[in-house]
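Q: Below are the chains, spelled out letter by letter.
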Amino acid sequence: MNEAAFAEYTKNLVQQGAVGSDEKYVTENRPTDLYLHFLPFLQGMLYVGNDAPLKEQELQLVQNLAEAFSTAYARYEDFTKLEAAKSAVEAAMDELRATQSQLVQQEKLASLGQLTAGIAHEIKNPLNFVNNFSEVSIEMIEEVLEEREKTRLSDRLGRESTDGTLVDDILKDIKVNLQKIHKHGTRANGIVTSMLLHARGGSGKKEPTDLNALVREYVNLCFHGMRAGKNPIHVEIVLDLDTEMGLTPLVKEDFTRVIINLCTNAFDAMRSKSISDQSGNYVPRLRITTKKEAQTMTMVVEDNGPGIPDEIKDKIMQPFFTTKKGTEGTGLGLSISHDIVKAHGGSLNVEIKESEGSAFVIQLPIV
Amino acid sequence: MKFLVVDDEKDVEILFRQKLRKEISSGEIEIEFAFSANEALELLRSRKPPDVMYIFSDINMPGMTGLDLLDKVKVEFPEIKVSMISAYGDGENYDRAMSSGAKGFFTKPIDFDTLKEEIQGFLNK
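Protein chains in written order, with my numbering: chain V, 1 to 367; chain G, 1001 to 1125.
These aren't lab readings, by the way, just hints derived from the structure by calculation. Bear in mind the structure is a predicted one, so any value in this text is a computation, not a measurement. We put the CB at the ideal spot given by N, CA and C, even for glycine. There's no promise every hint is true.
Said to hold, decoys possible - With the C-beta cut set under 10 angstroms, the calculated list includes, among others, these residues of chain G facing chain V:
{"no.": "1", "residue": "Glu1009"}
{"no.": "2", "residue": "Asp1011"}
{"no.": "3", "residue": "Val1012"}
{"no.": "4", "residue": "Leu1067"}
{"no.": "5", "residue": "Thr1114"}
{"no.": "6", "residue": "Lys1116"}
{"no.": "7", "residue": "Glu1118"}
{"no.": "8", "residue": "Phe1122"}
Isolated chain V (complex conformation) (with noise of 0.2 angstroms):
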């Protein structure tokens, strides 16, 4: 480059904004003597002015000078783009993180939305056992009154009084009455709490739990919820529960979403094979059984269904993944569960038996 080409080149740079002056740049009116010497590299430009031309050895001193200037130059410039990719991968992360909860929250509110008529179904139970007993409860109290009734009767007319154990017996069927008509509504009451509970999240703390007690309740919801929802089919449901199982930490709110899950699937397995079948012979089971040894627990969730093709079956349990069609699955049910397992220390594998459907095992350390 020579000096009327820099001297343009330096005017641009102040027009474009990049430099704040030409003053240290300028090339006009400096000492007549000085000869210049122009380096431009990739980023810049080093000149380099002397009273003498500059020697070959001098001027390959310069050019490693422009050299050692480029290269510190484009380190700088990674650096800025490497921080402005970083703080774009940390908005995406954010947006990612924000997304995630959300589809968590979505997930536990479908996984309710599956119980939803088998909750239905616990509440309606007592309900009706609250309806019924009150009201032959006030049958009850009506005849108490008749008989009342007749005794004051005989009384004014002198006649001998009315046997009174037919009050005290009536009387002692309204108490099993009112207790019973208080154990149900004590019954709902807990079934509310809990669906609260799995709705909105407890403490997220480990507590002993009864797991028997755990899968009874929840197997249950699914399974009402499952014969009064879409296309209810006949299951039948075998419970293999290890009675020395005492209690395992487990956060309840979560694991109950692990319960629900495994069921879940299993009923909508069982369901498209109910469908293809042809024989009429086909009869879908689940199976849970729970086991206790000297440092785990083991939990299974075992269906007769038409089993995993072993080309999905690593991929089960990423999320998104769903066989189900449009809405009916999220894709995130199992994943779900297989974080929350693994986040209380413990594992959730599959085992299929070709065309003899799948089994989920949970194990989970005791203590």
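Keeping the supplied structure of chain V fixed, place chain G upon it in accordance with the hints.
A: Leaving out everything else, chain G in the frame of chain V:
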């Protein structure tokens, strides 16, 4: 005249005994209870000939369902009448019960006035 009520909810016994206490104390009817379909079948098989004339059974029970019980009773004891009592009045259950030979179909909560009419109608025959 002996009736058998099958339901996995045990409190159903107290409820039936109280609701039908007049009919029971007058000796008009007798009621027995079974808390699973299997228990009901064992009860029927243990007496020859079975003295139960009419079964009221829940449908959704753990283990054998009321509909399976209905099928078995119709084969083994065709002379015994069976009506279903279900929390779900869905068409599928109703159709299956009726085509399997159920006499009636009641939905929960049980309307005891209707149930008593059914029992009276059966007694008067």
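Q: What hints, given by number in increasing order, does this structure fail?
A: Result: hints 5, 6, 7 and 8 break, sorted rising.
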